[in-house]
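Q: Spelled out from the first residue to the last, the chains are:
Protein chains: 2
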Amino acid sequence: MSVQQQSQGLLAKLTKEFVRLPGIGQKTAQRLAFHMMKANKEDALRLANAIRDVKEFVTFCVQCRNIAECELCEICQDPKRDRTKILVVEEPSTLFAIDQSRGYKGLYHVLMGSLSPLDGVGPADIRVKELELRVQGGGVEEIIVATNPTIEGEATAIYLTKVLKPYGVKISRIAYGIPVGMDIEYADDVTLTKSIEGRREL
Amino acid sequence: MSVQQQSQGLLAKLTKEFVRLPGIGQKTAQRLAFHMMKANKEDALRLANAIRDVKEFVTFCVQCRNIAECELCEICQDPKRDRTKILVVEEPSTLFAIDQSRGYKGLYHVLMGSLSPLDGVGPADIRVKELELRVQGGGVEEIIVATNPTIEGEATAIYLTKVLKPYGVKISRIAYGIPVGMDIEYADDVTLTKSIEGRREL
Chain W
966 MSVQQQSQGL LAKLTKEFVR LPGIGQKTAQ RLAFHMMKAN KEDALRLANA IRDVKEFVTF
1026 CVQCRNIAEC ELCEICQDPK RDRTKILVVE EPSTLFAIDQ SRGYKGLYHV LMGSLSPLDG
1086 VGPADIRVKE LELRVQGGGV EEIIVATNPT IEGEATAIYL TKVLKPYGVK ISRIAYGIPV
1146 GMDIEYADDV TLTKSIEGRR EL
Chain L
966 MSVQQQSQGL LAKLTKEFVR LPGIGQKTAQ RLAFHMMKAN KEDALRLANA IRDVKEFVTF
1026 CVQCRNIAEC ELCEICQDPK RDRTKILVVE EPSTLFAIDQ SRGYKGLYHV LMGSLSPLDG
1086 VGPADIRVKE LELRVQGGGV EEIIVATNPT IEGEATAIYL TKVLKPYGVK ISRIAYGIPV
1146 GMDIEYADDV TLTKSIEGRR EL
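As given, the protein sequences belong to chains W and L, one line each in that order. Residue numbering for the first sequence follows the working numbering, beginning at 966 and increasing consecutively. Residue numbering for the second sequence follows the working numbering, beginning at 966 and increasing consecutively.
This is chain W alone, in the form it adopts within the complex (with noise of 0.2 angstroms):
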């Protein structure tokens, strides 16, 4: 390490922190860190505290796991919702950049990932069990599947069909509007809708 990579320490620190995040790389987050360092003090610290904010005041809603403030998610909440539909997706990002598209105003189910027999990820460690419940509880007409167009997510869709065909509930599966292998959350808005539009019966 060097006198001048010594010295700034902190800047190193920042940079090290960068790092960690997803796509960022070395270079870029030397980049960011001098931006920062650039920045006035207020824009700066507006970061920091949006960073704070969101560890100390948002959470996930105990019905579909979607991100909220309270214990439900404004979507669970909402009485202009459709509740007799659920979609059910692999992360919440995903629920987000559907929900942003406005093409569906069912509820809500959100897995926390996605079958992976290979790394080890069984049906007791995504939250199948869960809507299962849901289902049960009565009211649901359709259970949309929106989990990725991979080998898991596929593998996810075949499962959830098998669980939750003995309810009598309508299970579909959304239009391959996506191109195959890309992640739902960076669809358009209007490939996302057309795929909701699309939806097949299992």
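Just so you know, the hints here were simulated from the structure itself, not pulled from any lab data. This structure is a prediction, so every number in the text was calculated from the model and none was measured. There may be inaccurate statements among the hints.
Which copy is meant is left open, because identical chains are indistinguishable; a pair holds if it fits in one copy or across any two.
Dumping the calculated PhoX-like pairs for lysine-lysine here, alpha-carbon to alpha-carbon at most 20 angstroms [claimed, not checked]: (1) K981 to K1130; (2) K981 to K1003; (3) K992 to K1127; (4) K1094 to K1070; (5) K1094 to K1127; (6) K1070 to K1127; (7) K1130 to K978; (8) K1006 to K978; (9) K992 to K1006; (10) K1003 to K992; (11) K1045 to K1094; (12) K992 to K978; (13) K1070 to K1006; (14) K981 to K1094; (15) K1070 to K1050; (16) K1130 to K1003; (17) K1050 to K1127; (18) K1045 to K1070.
For this one, chain W is given, so just place chain L on it according to the hints.
A: Frame of chain W; chain L shown alone:
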């Protein structure tokens, strides 16, 4: 703005703060915000604190404008540095990159920009006067100009030469050519031309 977005005010706020960073678009910012949401609290707060610390304790060296934790940076304070040479860069991040390469043991001077008449950046807006004062102060034998190989960087180099030549110091420009390890056939035309122009006798 959808209901979901409103409900996730804090997450949206964090996303907005990430978007302000250079090279971070809307989707990446959202991914980063969700990452923060999912990361354990300790990790997330470490980033927040690192930003805070940088703004609190890191400042710029009064002499060279390098990043510093006291009035003078470690380099300007270092008695082992060759005080007869000043290497001139546009940004502190360039200084950092050059110093990490360990090929140079003199002092630095950060201009904090480059001449760009179209953007209204004139000689008074970058730290040329400060460099002139350092040369006037005596003891400086060589100014090494390491501004970027852009139109602005070239204009700045020419301007510096004009201003500093009367003081009788040697003024040099770092070599621009083929990066070590790169195949010559992949170099762009300007780089090739520069590297041929800058050829040295063997």
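Q: For the identical chains here, do K1070 and K1006 meet the 20 angstroms Cα criterion within one copy, between copies, both, or neither?
A: neither (41 angstroms within a copy, 32 angstroms between copies)
Q: Within a copy, between copies, both or neither: where do K992 and K1127 come within 20 angstroms Cα-Cα?
A: Result: close neither inside a copy nor across copies, 47 angstroms intra and 34 angstroms inter.
Q: Checking an output row: K1006 and K978, CA cutoff 20 angstroms. Within, between, both or neither?
A: both (18 angstroms within a copy, 17 angstroms between copies)
Q: How would you label the pair K981, K1003 (within, between, both, or neither) given a Cα cut-off of 20 angstroms?
A: both (18 angstroms within a copy, 19 angstroms between copies)
Q: With identical chains treated as interchangeable, where does the CA-CA distance between K1070 and K1127 reach 20 angstroms or less: within a copy, between copies, both, or neither?
A: neither (25 angstroms within a copy, 68 angstroms between copies)
Q: With 20 angstroms as the alpha-carbon cut-off, assign the pair K1003 and K992 to within, between, both or neither.
A: within (17 angstroms within a copy, 24 angstroms between copies)
Q: With identical chains treated as interchangeable, where does the CA-CA distance between K1094 and K1127 reach 20 angstroms or less: within a copy, between copies, both, or neither?
A: Only inside one copy: K1094 and K1127 sit 13 angstroms apart there, 76 angstroms across copies, limit 20 angstroms.
Q: Could you figure out if K981 and K1130 sit no more than 20 angstroms apart (CA to CA) within one copy, between two copies, both or neither?
A: neither (48 angstroms within a copy, 42 angstroms between copies)
Q: At most 20 angstroms between alpha carbons: which applies to K992 and K1006, within, between, both or neither?
A: Neither way: K992 and K1006 sit 23 angstroms apart in one copy and 25 angstroms across, limit 20 angstroms.
Q: With identical chains treated as interchangeable, where does the CA-CA distance between K1045 and K1094 reach 20 angstroms or less: within a copy, between copies, both, or neither?
A: neither (26 angstroms within a copy, 65 angstroms between copies)
Q: Within a copy, between copies, both or neither: where do K1050 and K1127 come within 20 angstroms Cα-Cα?
A: within (18 angstroms within a copy, 74 angstroms between copies)
Q: With identical chains, the pair K1045 and K1070 could be close in the same copy or across copies; at 20 angstroms between alpha carbons, which is it: within, between, both, or neither?
A: Result: close within a single copy only, 8 angstroms intra versus 68 angstroms inter.
When each numbered hint is compared with the structure, violations occur for hints 1, 3, 4, 6, 7, 9, 11, 13, 14 and 16.
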